[in-house]
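Participant: So you can see what is in the structure, the chains are spelled out below.
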Amino acid sequence: MTGTNPSAANDPLLKVTDLSKNFGGLRAVNRINLELFPGDLAGLIGPNGAGKTTAFNLITGVYYPTEGQINFKGQDIGGLAPHVINQMGIARTFQNIRLFPSLTVLENVCIAYHSHAGYSMQDAILRNNKFEVQEKELLEKAQDFLGIFNMQDRQGEIARNLPYGQQRRLEIARALAADPQLLLLDEPAAGMNPNESIALMDLIHFIRDRFKLTILLIEHQMRVVMGVCEKITVMDFGEVIAYGKPDEIQSDPRVIEAYLGRGAAELSEKLQRSKTQ
Amino acid sequence: MTKKFSKSTLWFLGASILAYAVLEILISTQILNTFWNTIIRIGGVMAIVSIGLNLIYGFNGQFSLGQWGFYAIGAYAAADVTYRWSINKSADGLVVLFLATTLSGIVILWLRKKLANIRGLDPLSAFTIYLAATIIMSALAWWVGIAVTPAVTGALNILPAPVAMQVVFVIAVLLSAILAAEISFLFGLPILSLGSDYFGIATLGFSIIVKILLDNSDTLLGFVEMKGARGMVGIPKETSLFWVFFFLVVSVVLVRNLLRSSYGRAIISVREDEIAAKAMGIDIAEYKILAFVLGSFLAGLAGGLYAHINGFLHPNTFNFIKSFDPMIIIVFGGLGSITGTVFAAFAWALILEGVLRLFLPQGFETWRFVVYPLLLLVTMLLRPKGIFGEYEIPFLRQILPPIRKPAETPENNSTVEAQS
Amino acid sequence: MNTSPIAQLIQKIIKQGWMGKSFLLLITLLAVWRLVVALQENPILFLQQVVNGLQLGFVYALIALGYTMVYGIVRLINFAHGDVFMVGAFVSFYSITRFQLHTWAERLFPAMPDGVSLIIGALTVMAASMVACALLAVVIERIAYKPLRNAPRISALITAIGVSFFLEYFAALNFVFSPNFITYRRPIEVVTWAIGPGGITTLGGGIAPPPGTILISNIALIIILTSIILMFGLQFIVQKTRIGKAMRSVAYDKQTARLMGINTDAIISTTFAIGAALAGAAGMLYAIAFSQIFFWMGIIPGLKSFVAAVLGGIGSIPGAFIGALIMGQAEVISAAYISTPLRDAIAFSILIIVLLVRPTGIFGEPEREKA
Numbered sequence: 001m002t003g004t005n006p007s008a009a010n011d012p013l014l015k016v017t018d019l020s021k022n023f024g025g026l027r028a029v030n031r032i033n034l035e036l037f038p039g040d041l042a043g044l045i046g047p048n049g050a051g052k053t054t055a056f057n058l059i060t061g062v063y064y065p066t067e068g069q070i071n072f073k074g075q076d077i078g079g080l081a082p083h084v085i086n087q088m089g090i091a092r093t094f095q096n097i098r099l100f101p102s103l104t105v106l107e108n109v110c111i112a113y114h115s116h117a118g119y120s121m122q123d124a125i126l127r128n129n130k131f132e133v134q135e136k137e138l139l140e141k142a143q144d145f146l147g148i149f150n151m152q153d154r155q156g157e158i159a160r161n162l163p164y165g166q167q168r169r170l171e172i173a174r175a176l177a178a179d180p181q182l183l184l185l186d187e188p189a190a191g192m193n194p195n196e197s198i199a200l201m202d203l204i205h206f207i208r209d210r211f212k213l214t215i216l217l218i219e220h221q222m223r224v225v226m227g228v229c230e231k232i233t234v235m236d237f238g239e240v241i242a243y244g245k246p247d248e249i250q251s252d253p254r255v256i257e258a259y260l261g262r263g264a265a266e267l268s269e270k271l272q273r274s275k276t277q
Numbered sequence: 001m002t003k004k005f006s007k008s009t010l011w012f013l014g015a016s017i018l019a020y021a022v023l024e025i026l027i028s029t030q031i032l033n034t035f036w037n038t039i040i041r042i043g044g045v046m047a048i049v050s051i052g053l054n055l056i057y058g059f060n061g062q063f064s065l066g067q068w069g070f071y072a073i074g075a076y077a078a079a080d081v082t083y084r085w086s087i088n089k090s091a092d093g094l095v096v097l098f099l100a101t102t103l104s105g106i107v108i109l110w111l112r113k114k115l116a117n118i119r120g121l122d123p124l125s126a127f128t129i130y131l132a133a134t135i136i137m138s139a140l141a142w143w144v145g146i147a148v149t150p151a152v153t154g155a156l157n158i159l160p161a162p163v164a165m166q167v168v169f170v171i172a173v174l175l176s177a178i179l180a181a182e183i184s185f186l187f188g189l190p191i192l193s194l195g196s197d198y199f200g201i202a203t204l205g206f207s208i209i210v211k212i213l214l215d216n217s218d219t220l221l222g223f224v225e226m227k228g229a230r231g232m233v234g235i236p237k238e239t240s241l242f243w244v245f246f247f248l249v250v251s252v253v254l255v256r257n258l259l260r261s262s263y264g265r266a267i268i269s270v271r272e273d274e275i276a277a278k279a280m281g282i283d284i285a286e287y288k289i290l291a292f293v294l295g296s297f298l299a300g301l302a303g304g305l306y307a308h309i310n311g312f313l314h315p316n317t318f319n320f321i322k323s324f325d326p327m328i329i330i331v332f333g334g335l336g337s338i339t340g341t342v343f344a345a346f347a348w349a350l351i352l353e354g355v356l357r358l359f360l361p362q363g364f365e366t367w368r369f370v371v372y373p374l375l376l377l378v379t380m381l382l383r384p385k386g387i388f389g390e391y392e393i394p395f396l397r398q399i400l401p402p403i404r405k406p407a408e409t410p411e412n413n414s415t416v417e418a419q420s
Numbered sequence: 001m002n003t004s005p006i007a008q009l010i011q012k013i014i015k016q017g018w019m020g021k022s023f024l025l026l027i028t029l030l031a032v033w034r035l036v037v038a039l040q041e042n043p044i045l046f047l048q049q050v051v052n053g054l055q056l057g058f059v060y061a062l063i064a065l066g067y068t069m070v071y072g073i074v075r076l077i078n079f080a081h082g083d084v085f086m087v088g089a090f091v092s093f094y095s096i097t098r099f100q101l102h103t104w105a106e107r108l109f110p111a112m113p114d115g116v117s118l119i120i121g122a123l124t125v126m127a128a129s130m131v132a133c134a135l136l137a138v139v140i141e142r143i144a145y146k147p148l149r150n151a152p153r154i155s156a157l158i159t160a161i162g163v164s165f166f167l168e169y170f171a172a173l174n175f176v177f178s179p180n181f182i183t184y185r186r187p188i189e190v191v192t193w194a195i196g197p198g199g200i201t202t203l204g205g206g207i208a209p210p211p212g213t214i215l216i217s218n219i220a221l222i223i224i225l226t227s228i229i230l231m232f233g234l235q236f237i238v239q240k241t242r243i244g245k246a247m248r249s250v251a252y253d254k255q256t257a258r259l260m261g262i263n264t265d266a267i268i269s270t271t272f273a274i275g276a277a278l279a280g281a282a283g284m285l286y287a288i289a290f291s292q293i294f295f296w297m298g299i300i301p302g303l304k305s306f307v308a309a310v311l312g313g314i315g316s317i318p319g320a321f322i323g324a325l326i327m328g329q330a331e332v333i334s335a336a337y338i339s340t341p342l343r344d345a346i347a348f349s350i351l352i353i354v355l356l357v358r359p360t361g362i363f364g365e366p367e368r369e370k371a
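Protein chains in written order, with our numbering: chain W, 1 to 277; chain U, 1 to 420; chain P, 1 to 371.
To be clear, the hints were calculated from the coordinates, so they are not data collected in a lab. Glycine included, each C-beta is placed from N, C-alpha and C at the ideal position. Among these hints, one or two may not hold up.
Simulated pairs of lysine-lysine, DSSO-like, Cα-Cα distance not exceeding 30 Å [what the hints assert, rightly or not]:
(1) K15/P / K73/W
(2) K7/U / K136/W
(3) K237/U / K227/U
(4) K240/P / K146/P
(5) K113/U / K73/W
(6) K21/P / K114/U
(7) K322/U / K146/P
(8) K231/W / K270/W
(9) K231/W / K212/W
(10) K385/U / K254/P
(11) K114/U / K15/P
(12) K15/P / K113/U
(13) K15/W / K15/P
(14) K136/W / K212/W
(15) K322/U / K237/U
(16) K73/W / K231/W
(17) K73/W / K12/P
(18) K245/W / K231/W
(19) K73/W / K212/W
(20) K12/P / K114/U
(21) K21/P / K113/U
(22) K254/P / K146/P
(23) K15/W / K245/W
(24) K73/W / K114/U
(25) K7/U / K141/W
(26) K130/W / K114/U
(27) K113/U / K130/W
(28) K15/W / K12/P
(29) K130/W / K7/U
(30) K227/U / K89/U
(31) K12/P / K113/U
(32) K146/P / K385/U
Computed, partial: chain W to chain U, Cβ under 8 Å [stated by the list, open to error]:
(33) H83
(34) R98
(35) L139
(36) Q143
(37) R174
Chain W on its own, in the form it takes in the complex (with noise of 0.2 Å):
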């Protein structure tokens, strides 16, 4: 998003060239093609073990990929280490929720912020001025932060401790923290009740708009996904096997098959002729 370059609206973000994975014999992820624009909210759907976590893993790091090519603002990030991902602007949550446990709320939000870090490990070790002005503004920034989720009151305490709902909101916080410009979130409605899954869907928007975001998230609730995501990418047997807009996804004969078996999607097909006639 430079101001300098007109056509830079219109470069992908996030793009993703056959990217392939084999676990030994098994073809994880095959061949998926993937492109976010600045400012997307995308989902990722897909029946249990299509592979999108394999694909967010893929895209951060995590697993090293075997074939295609992962760009980033241009950059190939293929096999870089997770870390250096994350700095470079990519930031995710887990389907199992990863805090730090046992780590305040404060202190969680604050290990995103190391790599901004204004000091170096002898002027922490020194405790000199530099240390002392630099670490209070990093803990008055998380604090902040934590404003901004209307956590601060919780600061202190244990992440183990949070209620189910607050845990989700913190690994988001934490997340948002390291300021990425792309955020993926694996599955973060999962174990919601409907309520939760409402206020999430407000945090989601929240956020991007908020921070400037592109989003893609990996999830089931299909209300939150058809609420949210203004495209969506369809996954099964580590393939793409739709992408469009979420009503043109909801009525894919592919997608119902690969949901619900063929012979829905021969159902539904008919059902749709009847209706036209």
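Assemble the complex: chain W is given as a structure, and chains U and P must be docked to it using the hints.
Facilitator: Chains U and P only, in chain W's frame:
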């Protein structure tokens, strides 16, 4: 700019100085005899080793049984330097160790900058490069060191003998700590990527290998004065209560300052969840090696001090059964609690070396090691998280800034509703 | 991008980790070269070393099985296991010297052929030490480990070390096993055979072994045979019986196993008992082979067997077996050809090198990492 000390800092420093002064008075008035003096010093030394291990295991989560190996390296290296100075009247040990550690250190730091830019370099290859560089530097240090030794010996002899001895002693202890740190860096590089239990076993193997090498130090390593399995004698007894207290306080402050900073949080995040830490931009390999090297530095430091308490070293002190002692101490005191570690180290020394030696009833002297494990078992069963759990005295705690008024948060009106 | 051939080659060397691999390869080649030279110089002596290594390896294997089973099921490095092995040796010693247990068949049925009654007697002694060790292990498990099952893993490990200390120093008390070396009275006489191209000669009565022969004693045969039988028995229990099935399921997922109606506590105790029984048998075999026992005898064999279990991939039964054989060979051969004082250091170096190449041991399953 004048530095303001917080209340907890003043309290901590005051209490340390007071404790030292009281002990010093008790010793000079012979209320505490040499026996107890030795035990207190051993307690302090154990506290330093255990703080190092707590950094590695308690805070960084790496299950290391290699602490004792680095302790042994520190002890023998420092002892050799002071032995050569006091018996052989030569500073050759000091000069060679100084050159070897500094040259290797500089090369390691330089290579680290260079190698950081190479994408996808595996730890084993990096290890090979570092090892080659270190060996070359050590050989260079040997060659140069022998040449400059007479000059340094002469220079040190200008000082009055006791002062020169003290100088050599302190430098030897620090250098042997650096030596232990560098060896731990080389060893940790390929090993730290192993899973936790496997890492523990590999480090246990390291301790055992070090012990076996020390058994054969006179024949295989060529250090005749170490006398192999017969034990090294004639090391100057330079470790006074002052030095133990001084280095203990320095270690506590060092570890506390590191841990209560962003770098410390990065170290702790590795213990908490490696995958999440990676995803949050923490270079976990970097922080594992940092904790391991610093912990081993403290082990080497403590080893150097230990060697000069009794003036006698034997490889059996460093056998693998004893290598569990620091692990027992940190679990006993509470993993992730520096307060607990220091307390447990002194308690351990007082009980095992003092009380159980002196106060077992007649005819039950051999029961010392029967009672000790029973005490251990009972403590573990009653307090599985150690005596102190995660408690810290205020000086060592992470200070959270006070919660500020909501008005100070920017764009408060746009915050989302917290869910009920 | 620099695409000159040299830069590409360097890139490839880095990507494939060739520098580190060639370093390990160099060390391995040096060792192999040393062995090949030794084999060429005196193949008979080399074979003799291999046989000696086998004898040791099988004893280690029996102990290693206990470590690997317990680790597999409760993820605990049971440091007291080596001392259970020591207790096994002492129990067999006392059942021979105090209770003459090895002669009961002979005394009851004087008509029985000597050979048969001796075998029955020796087996009884072995059974006695196996049962004693199994009971001891169950008691230890119930008192020291079970209360800590939900505590941090390290607490149980420290407890294991405590139990190990306790067993050692309790055994060293004068009224228990005494702190001295004790000469072990073998229930059977040692017979040594010299096997060579000229056939088999039985040694004894001052006959020197003919040149060019390998010496094998009946002790070695007994150790190897007993170990193999016990190991097959274990494999049978683990693979074919209900208890074995339950053990495997508890090892895989304790929570789920409990939900499936398995009494996990009983299964864990059984695992400790079986492992300890094998250690008891190993204790007796070790004592027969080396004919000297003392209260610290469990530490070093215990440690080496544990290393063997890790080498083979801890949690895997065939792994423990293979690892133990490797440890036995490594110890004997490096003592003979590389350096006697360094033999243990070499055994540990092998462990570290194997872990570098295969981080979870030879038969170990790679640790799954879930993101």
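Participant: Is it true that the CA of K15/P sits at most 30 Å from the CA of K73/W?
Facilitator: Answer holds: K15/P to K73/W is near 24 Å, not above 30 Å.
Participant: Regarding the pair K322/U and K146/P, is the alpha-carbon distance no greater than 30 Å?
Facilitator: holds (26 Å)
Participant: How about R98/W: closest beta carbon in chain U under 8 Å, or not?
Facilitator: Holds, about 4 Å.
Participant: Measuring from the C-beta of Q143/W to each C-beta in chain U, is the shortest one below 8 Å?
Facilitator: holds (6 Å)
Participant: Is the straight-line distance between the alpha-carbon of K21/P and that of K113/U 30 Å or less?
Facilitator: The given pair, whose Cα atoms are some 23 Å apart, holds under the 30 Å limit.
Participant: Given the hint that K12/P pairs with K113/U, test it: the Cα-Cα distance must not exceed 30 Å.
Facilitator: Within the cut-off at roughly 21 Å; holds.
Participant: Given the proposed pairing of K136/W with K212/W, does the C-alpha separation stay at or below 30 Å?
Facilitator: Distance ~27 Å between K136/W and K212/W Cα, so the pair holds.
Participant: If you draw a straight line from the CA of K130/W to the CA of K7/U, is it 30 Å or shorter?
Facilitator: holds (21 Å)
Participant: Need the status of pair K113/U, K130/W: alpha-carbon distance at most 30 Å?
Facilitator: holds (24 Å)
Participant: Straight-line Cα separation of K146/P and K385/U no greater than 30 Å?
Facilitator: holds (16 Å)
Participant: Would the hint linking K231/W and K212/W be met if the CA-CA limit is 30 Å?
Facilitator: Distance ~17 Å between K231/W and K212/W Cα, so the pair holds.
Participant: Would you check the hint for K21/P and K114/U, treating anything up to 30 Å between C-alpha atoms as holding?
Facilitator: holds (21 Å)
Checked against the numbered hints above, the structure violates none of them.
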